[in-house]
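If you read the sequences in order, they're chains A and B.
Under this note's numbering, the first residue of the first sequence carries the number 15, and numbering increases by one thereafter.
Under this note's numbering, the first residue of the second sequence carries the number 217, and numbering increases by one thereafter.
Be careful, since some hints might not be right.
Straight-line C-alpha distance at most 30 angstroms; calculated DSSO-like pairs for lysine-lysine [to be verified]:
id : chain 1 : residue 1 : chain 2 : residue 2
1  : B       : 352       : A       : 37
2  : B       : 370       : B       : 264
3  : A       : 37        : B       : 323
4  : B       : 334       : A       : 37
5  : A       : 126       : A       : 157
Heads up, incomplete: computed chain B residues facing chain A, CB under 8 angstroms, no partners named [claimed, not checked]:
id : residue
6  : 241
7  : 249
8  : 274
9  : 279
10 : 282
11 : 283
12 : 289
13 : 290
14 : 295
15 : 296
16 : 298
17 : 305
I should point out that these hints are in silico values taken from the structure, not numbers from a laboratory.
Virtual Cβ for every residue (Gly too), placed ideally from N, Cα, C.
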Amino acid sequence: AVRAAVAAMLSLDFLDDVRRMNKRQLYYQVLNFGMIVSSALMIWKGLMVVTGSESPIVVVLSGSMEPAFHRGDLLFLTNRIEDPIRVGEIVVFRIEGREIPIVHRVLKIHEKQNGDIKFLTKGDNNAVDDRGLYKQGQHWLEKKDVVGRARGFVPYIGIVTILMNDYPKFKYAVLFLLGLFVLVHRE
Amino acid sequence: MAAKSGRNGLLDKWKIDDKPVKIDKWDGSAVKNSLDDSAKKVLLEKYKYVENFRLIDGRLIICTISCLFAIVALIWDYLHPFPESKPVLAFCVVSYPLQILSQLYQKEKSIFLVAHRKDPAGMDPDDIWQLSSSLKRFDDKYTLKLTFISGKTKQQREAEFTKSIAKFFDNNGTLVMEAYEPEVSKLHDSLALERKTK
């Protein structure tokens with residue numbers, strides 16, 4: 015059955031280019047694919063270095079900050095040590111042990127002489143503050159939990175990310191097709 | 217036994233060196249690639265030159281190193297979470313574009329074949345033939361340039377032709393070797409002949 019499938023594939027024209035390739039050209043196709051992945055990776059890591067944030071671009075996942083941010087908005091973050099956190103400002107933070115960053119506003123701050131802070135957050139569109147979201151027994155957030163501050167945003171574009179996460183099969187299908195295209199197509 | 221010969225049979229069916237080249241005539245890069253490949257075939261098969269892979273290998277190595285840098289950055293960042301991995305990441309990120317730039321610079325010269333003609337007497341150094349070509353986007357004029365570097369005198373001579381690709385492909389997009397091969401041979405012979413008359 016496998017032989018029949020391979021024989022069927024051989025009759026398809028789109029693989030002709032690949033069949034004509036010698037070892038070096040085949041390796042080059044694979045390298046091409048690797049270079050595209052590497053470039054994307056390097057751009058992401060580069061953004062991390064430049065902005066100082068672990069996650070320089072985040073998507074707003076819930077409507078808890080409406081009308082300022084809506085579900086699907088894309089936020090560009092920086093995380094400079096010099097940026098002071100003040101009441102009323104919007105920060106993006108991560109709760110210890112959870113992966114998903116949250117975008118909310120700072121409600122209260124306790125500040126020590128040496129600059130250490132403890133702060134409380136709340137989403138504009140939420141009825142209560144975030145204490146319910148924090149870890150068991152945790153009442154305040156600290157600087158180490160901050161992923162960054164929003165410096166710019168693009169509305170709605172993040173919906174694609176939300177879709178890809180809600181329908182992972184769709185994501186894998188798109189990635190698979192893109193990968194196949196790069197591997198088979200010569201520059 | 218039957219299984220092994222079966223697999224070889226499949227491999228033979230996979231390689232299609234003799235099938236005439238058929239491409240999408242509107243796809244500029246496919247056209248250029250097939251013309252380049254066929255010119256290569258003429259020089260390597262008809263005149264029996266030996267391909268020198270150094271240029272291509274160099275490109276492959278640069279690309280492989282770039283990918284390695286990216287992988288190293290990825291793994292380092294995974295093992296040492298973000299703030300500590302900053303210097304390593306910064307180094308990888310800065311060196312990556314440099315490698316890409318060096319690669320692009322090489323591609324600028326658009327040489328796709330370096331072949332050697334070994335001296336039959338075995339005494340003189342090899343003559344070198346280089347093929348480079350260009351086909352502008354959305355244009356139909358294909359330029360093939362053949363460069364001959366004499367092993368003995370180190371003198372360089374070149375010849376080129378610019379023709380419309382319509383002269384080499386039929387309506388279905390099949391490359392007509394009977395029209396293309398003489399052009400390549402003419403280019404080659406014009407350089408080879410000059411050499412003999414000296």
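Hints, verified against the model:
| no. | hint | in the structure |
| --- | --- | --- |
| 1 | 352/B with 37/A | 28 angstroms, holds |
| 2 | 370/B with 264/B | 21 angstroms, holds |
| 3 | 37/A with 323/B | 20 angstroms, holds |
| 4 | 334/B with 37/A | 24 angstroms, holds |
| 5 | 126/A with 157/A | 12 angstroms, holds |
| 6 | 241 | 13 angstroms, violated |
| 7 | 249 | 5 angstroms, holds |
| 8 | 274 | 12 angstroms, violated |
| 9 | 279 | 5 angstroms, holds |
| 10 | 282 | 6 angstroms, holds |
| 11 | 283 | 4 angstroms, holds |
| 12 | 289 | 6 angstroms, holds |
| 13 | 290 | 6 angstroms, holds |
| 14 | 295 | 14 angstroms, violated |
| 15 | 296 | 13 angstroms, violated |
| 16 | 298 | 5 angstroms, holds |
| 17 | 305 | 5 angstroms, holds |
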